[in-house]
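A.B. asks: All chains, please: the whole structure from these sequences, using the hints.
Protein sequences appear in the order of chains A and V. Each step along the first sequence adds one to the number in the working numbering, with nothing skipped, and position 7 is 7. In the working numbering, each number is its position in the second sequence, counted from 1, plus 113.
Hints were generated in silico from the structure; no laboratory data involved. Fair warning: there could be bad hints in the mix.
Unchecked claim - Heads up, incomplete: computed chain V residues facing chain A, CB under 7 Å, no partners named:
#, residue
1, Y144
2, K155
3, V156
4, F158
5, N165
6, E169
7, D199
8, M202
9, P209
10, F217
11, P219
Said to hold, decoys possible - What follows is a list of derived Cβ distance ranges for each label pair:
#, chain 1, residue 1, chain 2, residue 2, range
12, A, D26, V, S168, 21 to 29 Å
13, V, L152, A, G85, 36 to 44 Å
14, A, D26, V, I151, 18 to 26 Å
15, V, S186, A, G43, 21 to 29 Å
16, V, Q154, A, G62, 27 to 35 Å
17, A, E112, V, E181, 40 to 48 Å
18, V, S171, A, Q57, 28 to 36 Å
19, V, L152, A, M11, 19 to 27 Å
20, V, P209, A, Q57, 20 to 28 Å
21, V, R193, A, S80, 26 to 34 Å
22, V, P121, A, G85, 37 to 45 Å
23, A, Y54, V, V125, 40 to 48 Å
Only a predicted model underlies this, so the values are computations on that prediction, with no experimental measurement involved. Quick reminder that beta carbons are idealized off the backbone N, C-alpha and C, glycines included.
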Amino acid sequence: AQKITQTQPGMFVQEKEAVTLDCTYDTSDQSYGLFWYKQPSSGEMIFLIYQGSYDEQNATEGRYSLNFQKARKSANLVISASQLGDSAMYFCASPGGGNKLTFGTGTQLKVEL
Amino acid sequence: EPEVTQTPSHQVTQMGQEVILRCVPISNHLYFYWYRQILGQKVEFLVSFYNNEISEKSEIFDDQFSVERPDGSNFTLKIRSTKLEDSAMYFCASDPNRGNEQFFGPGTRLTVL
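C.D. replies: Right, dumping it as structure tokens:
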């Protein structure tokens with residue numbers, strides 16, 4: 001995808017609640033993928049989940065799932081049963097030509113007690 | 114579990130000096146990347162590397178930048194004459210070419226004074 005949009009600069013969620021982080025994309029490619037990465041305050045980029053455009057099922061990895069709506073060009077990340085350790089910056093990204101990733105501007109998630 | 118490693122974790126340099134940032138990608142991966150993240154901003158693609166040559170580079174990756182894979186394991190990013198605006202977190206990533214996983218190293222925080 002050539003452009004990734006994350007419209008939520010910051011989100012708050014109560015511990016143990018679910019939260020949805022929004023991501024929309026713009027692409028003319030027929031085949032593409034969407035990634036989500038977590039960046040804690042220590043700075044590293046942690047791969048969370050991937051969804052391919054031709055995958056029929058929404059991707060799931062533990063407490064992370066992708067709500068992929070192709071017609072709306074959205075690939076929202078759902079985190080279930082939020083934990084304090086989920087507080088971090090979350091980036092949506094997609095490969096363009098040659099597999100380079102284009103990132104969104106990120107959403108800062110804060111999990112509260 | 115194999116991981117991408119980067120050294121050093123922090124680098125402070127004077128403007129105009131050359132720096133070399135080092136990365137060891139995951140051993141059976143085929144594509145290698147450098148990205149940078151200026152503080153508080155999104156992650157930006159710099160360059161991708163495949164089969165011992167640059168496969169794609171962004172407009173950021175000007176003549177001051179170069180990459181090398183000198184010995185089949187290390188992957189380096191050199192900045193010849195650093196500028197203040199080169200201060201950023203630099204991430205190395207590698208990809209087994211399945212297109213659905215791109216693993217990032219922990220990053221090198223470069224500060225140019």
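A.B. asks: Are the hints correct? Go through all of them and say.
C.D. replies: For each hint, the structure was consulted:
Annotation: Y144 of chain V was flagged as interfacial toward chain A, and the flag holds, the nearest CB pair being 6 Å apart, inside 7 Å. For K155 of chain V, the suggested interface contact is upheld, since its CB lies about 5 Å from the closest CB of chain A, less than 7 Å. At its closest, the beta carbon of V156 of chain V sits 4 Å from a beta carbon of chain A; the interface hint therefore holds under the 7 Å criterion. Given the 7 Å rule on beta carbons, the hint for F158 of chain V holds: about 4 Å separates it from the nearest Cβ of chain A.
Hint status for N165 of chain V: violated, given a least beta-carbon distance of 15 Å to chain A, over 7 Å. The beta carbon of E169 of chain V comes within 5 Å of a beta carbon in chain A, closer than 7 Å, and the hint placing it at the interface holds. Checking D199 of chain V against chain A by beta carbon gives a least distance of about 17 Å; that is not within 7 Å, so the hint is violated. Because the beta carbon of M202 of chain V sits about 6 Å from the nearest beta carbon in chain A, less than 7 Å, this interface hint is met.
With a least beta-carbon distance of about 11 Å to chain A, the hint placing P209 of chain V at the interface is violated under the 7 Å criterion. The interface hint given for F217 of chain V holds, since its Cβ lies 4 Å from the closest Cβ of chain A, which is under the 7 Å cut-off. With its C-beta approaching chain A no nearer than about 4 Å, P219 of chain V sits inside the 7 Å limit, and its interface hint holds. Between D26 of chain A and S168 of chain V the C-beta distance comes to about 23 Å, which sits within the given range of 21 to 29 Å.
For the pair L152 of chain V and G85 of chain A, the supplied restraint of 36 to 44 Å is violated, since their beta-carbon distance comes to about 23 Å. For D26 of chain A and I151 of chain V, the hinted distance range of 18 to 26 Å is satisfied, since their beta carbons lie about 23 Å from each other. Restraint check, S186 of chain V to G43 of chain A: a C-beta distance of roughly 24 Å satisfies the suggested window 21 to 29 Å. The hinted window of 27 to 35 Å between Q154 of chain V and G62 of chain A holds, with their beta carbons roughly 29 Å apart.
E112 of chain A and E181 of chain V have their C-beta atoms about 46 Å apart, which keeps the hinted 40 to 48 Å range intact. In this structure, S171 of chain V and Q57 of chain A meet the distance hint of 28 to 36 Å, their C-beta atoms being roughly 34 Å apart. Between L152 of chain V and M11 of chain A the CB atoms are about 21 Å apart, so this pair conforms to the stated range of 19 to 27 Å. Checked against the hint of 20 to 28 Å, the pair P209 of chain V and Q57 of chain A passes, with Cβ atoms roughly 22 Å apart.
Between R193 of chain V and S80 of chain A the beta carbon distance is about 48 Å. The supplied range of 26 to 34 Å is therefore violated. The hint said 37 to 45 Å for the Cβ distance between P121 of chain V and G85 of chain A, and at roughly 27 Å that hint is violated. A hinted range of 40 to 48 Å for the beta carbons of Y54 of chain A and V125 of chain V is consistent with their spacing of about 46 Å.
The structure is inconsistent with the numbered hints 5, 7, 9, 13, 21, 22, although it conforms to all the rest.
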